[in-house]
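Protein chains in written order, with my numbering: chain A, 1 to 325; chain B, 1 to 339.
Just so you know, these hints were derived from the structure itself, not from any lab. Fair warning: there could be bad hints in the mix.
Unchecked claim - Examples of chain B residues lying across from chain A (beta carbon under 10 Å, computed):
hint : residue
1    : Ala46
2    : Phe48
3    : Arg50
4    : Gly110
5    : Val111
6    : Cys112
7    : Gly137
8    : Tyr147
9    : Ala149
This one's a predicted model, so the numbers in the text were calculated from it and none came from an experiment. The C-beta atom is built at its ideal place from N, Cα and C for all residues, glycine as well.
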Amino acid sequence: MTIKNYCWALIDAMREEMERDKDVFLVGEDVAAAGGAFGASRGLHKAFGPLRVRDTPISEEIIVGLAVGAAMTGKRPVVEIMFMDFFGLCLDQIANQAAKMHYLYNGAFRMPMVIRTTVAVEMGIGPHHSQTLESWVGHIPGLKVVMPSSPRDAKGLLKSAIRDNNPVIFIEHLALHKMKEEIDDSEEVLIPIGKADVKRTGRDVTVVATGLMVQKALDAAAVLAGEGIEIEVIDPRTISPLDMDTIATSVQKTNRALVVTSAHKPFGFGSEVAAEIMERAFYHLDVPVRRLTPPFTPQPFGKGFEKFLHPDADRIATNVREMLA
Amino acid sequence: MSSSKLPVSRSQVGEPVGTGDADISSYRQMYTMMYRIRQCEEQLNAVFARNLFPGYIHSYLGQEGCAVGVCSALRKDDCIVTTHRGRGHYLAKGMQLKPMMAEMFGRATGVCGGRGGEMHAADPAVGILGGNGIVGGGIPYAAGAAYSALLDGSDRVTVAFFGEGASNQGSFHEAMNIAAAWNLPLMFVCENNLYGEMTPLKEISRETDIAKRAIGYGVPGEAVDGNDVLAVREAARKAVARARAGQGPTLLELKTYRRGGHFQGDPCNYRTREEEAYWKSRDPVDLFRAVVLKAGVFSEQEILSVEAALTTEITEAIEFALASPDPVPADALDHVYAL
């Protein structure tokens with residue numbers, strides 16, 4: 001076993017897949033000699049050379065376009081869009097081109113491509129570097145969207161994403177990049193896309209949390225356990241396609257559900273999960289499904305505002321207590 | 001009128017037209033393809049007028065010299081990416097006529113099973129990577145296909161076809177810049193038909209010679225009479241040779257004219273009948289017809305017989321499409337994801 005942080009787990013995943021398959025390559029801003037804006041491609045340029053690990057201009061539309069055209073012609077590109085906030089610059093290539101090629105052309109093209117991107121909540125870096133926008137892509141058929149919350153999940157999901165024959169949006173919470181976990185290097189870590197993980201079992205309330213919020217839910221669980229309250233923490237890991245079976249099964253046991261995200265409430269992931277629970281487990285519910293999210297505002301600069309806006313362990317615990325009251 | 005800026009084409013000022021066997025054979029092929037596209041567009045317009053066409057028609061009428069000139073410089077394994085106005089490119093790059101036609105009508109026998117329709121057809125077997133419903137949407141992924149060739153160590157070339165309208169999208173700029181920086185085997189072919197949808201180019205761009213933009217990216221740019229198929233082919237051959245030799249991208253601007261409106265039924269009240277008449281006098285099919293007759297490629301009788309056969313071929317393709325079944329609606333649920 002080796003202790004790896006989330007960032008190195010990502011690098012390991014890319015290195016292993018690039019060694020395994022010569023069609024895999026990585027392009028994006030600062031990914032080559034610099035080793036990535038966040039260090040998430042360190043060593044790959046040296047290991048795989050200038051064609052397979054290449055710096056692009058700051059041109060997000062062409063970065064994704066490179067992946068689309070390369071995937072259509074037999075490659076398995078991985079591209080990095082530094083912050084998810086920059087998806088506004090490349091959404092045509094993602095939503096109109098990548099997502100629809102396989103479908104529109106009746107299966108003539110496969111689209112094995114991964115867009116790695118980050119969500120920087122709790123980094124205090126302001127409104128253009130902090131949005132959790134999985135709804136933008138989760139709403140589009142043809143895309144898969146994953147959001148791992150631990151180093152091992154990050155490694156295993158990235159390897160699966162690279163092997164998947166569809167466009168996968170791979171969302172990393174930047175605040176998790178330093179998180180450490182033991183990973184067994186002797187086994188191949190492959191986490192299936194579309195499979196939720198029960199991070200902690202419990203009988204009283206199902207808490208569905210994504211990305212950074214998973215850790216906060218686990219922190220809340222530890223506090224609540226001291227009060228005799230056992231929450232079940234479910235990390236969907238994949239936003240789309242969503243593993244509702246695991247969530248619904250849990251809700252049928254606990255009869256209560258709270259969804260915690262760093263994305264906004266209106267039209268967001270929490271709304272989707274809540275609606276699915278209504279459809280699948282309505283008669284099992286003892287109280288209405290709750291969504292805990294930041295208020296519906298842009299994110300101003302600085303950690304003071306962020307601390308005020310974002311869900312934390314205290315707020316999760318408070319909501320759980322209210323739901324059991 | 002913008003036509004005053006047209007480059008003078010060599011074949012039309014009496015520049016020698018080749019007379020070797022290979023030339024004769026290629027002229028026959030080019031004229032045949034131009035006339036096939038012409039018939040396709042004219043007969044589709046007639047079908048549309050009879051209200052038998054499901055959806056819009058973005059006519060390629062008048063631009064036949066562009067598709068045929070460029071594609072006759074390409075190999076089967078070269079790739080093209082085209083636009084909403086892509087039928088000429090589909091045919092010239094080798095898509096089979098009947099499946100192409102059936103796709104336009106959204107029929108189950110279409111090359112994409114009828115789910116692409118009039119703006120979207122693709123056939124990887126002949127390097128056709130799709131049309132597009134987004135102006136400029138194809139250019140970025142053409143760069144991806146070109147990068148794929150670099151990774152393969154292949155001398156395969158990719159062509160991005162687009163209109164002058166797309167040249168004002170950021171996607172064009174981003175692709176030009178990276179193709180130049182990375183020396184991508186990519187040809188940018190701008191068919192400047194003077195109108196972006198219903199707006200004249202001169203109203204929305206100060207510089208209406210799109211080829212000049214190449215200078216800013218450090219790549220060769222050439223403006224060519226797009227209605228002279230031989231001039232187009234010659235320019236395309238040079239650009240293809242550069243790309244195959246690892247010398248990177250070229251921007252070709254083909255000066256042409258959209259004989260129809262943006263879509264069939266567009267009243268074209270934004271342009272003059274005089275302008276339309278001028279361009280009709282410079283029709284690419286008529287011009288090349290005169291060239292091949294003068295060069296003795298076809299006798300008068302032969303050409304009439306070829307044209308009659310092509311007319312029948314298109315009529316039969318449309319009949320095939322109209323007689324073909326619609327897709328099974330429930331098939332809409334298939335192919336959302338690949339296995």
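Task: Satisfaction of the Ala46(B) interface hint, Cβ to chain A closer than 10 Å - done: 28 Å, violated
Gly137(B) as an interface hint toward chain A, with CB separation required under 10 Å:
6 Å, holds
- Given Ala149(B) was flagged as interface, is its beta-carbon under 10 Å from a beta-carbon of chain A? It holds, given that the least Cβ distance between Ala149(B) and chain A is near 8 Å, below 10 Å.
Any CB of chain A closer than 10 Å to the CB of Gly110(B)? Constraint on Gly110(B) satisfied, holds at 9 Å.
Given Cys112(B) as an interface hint, is the shortest Cβ-Cβ distance to chain A below 10 Å?
5 Å, holds
| Agreement of hint Tyr147(B) with chain A interface, Cβ distance less than 10 Å | Nearest chain A Cβ about 6 Å off; hint holds.
Interface hint for Arg50(B), Cβ within 10 Å of any Cβ on chain A: Violated, about 28 Å.
Legend entry - Hint validity - Phe48(B) Cβ closer than 10 Å to any chain A Cβ: Hint on Phe48(B): violated, closest Cβ of chain A at ~23 Å, above 10 Å.
Practice task
Against chain A, run the beta carbon of Val111(B) and see if the smallest gap drops under 10 Å.
Solution key: This interface hint holds because 8 Å falls under the 10 Å limit.
Hint compliance for this structure: hints 1, 2, 3 are broken, all remaining hints hold.
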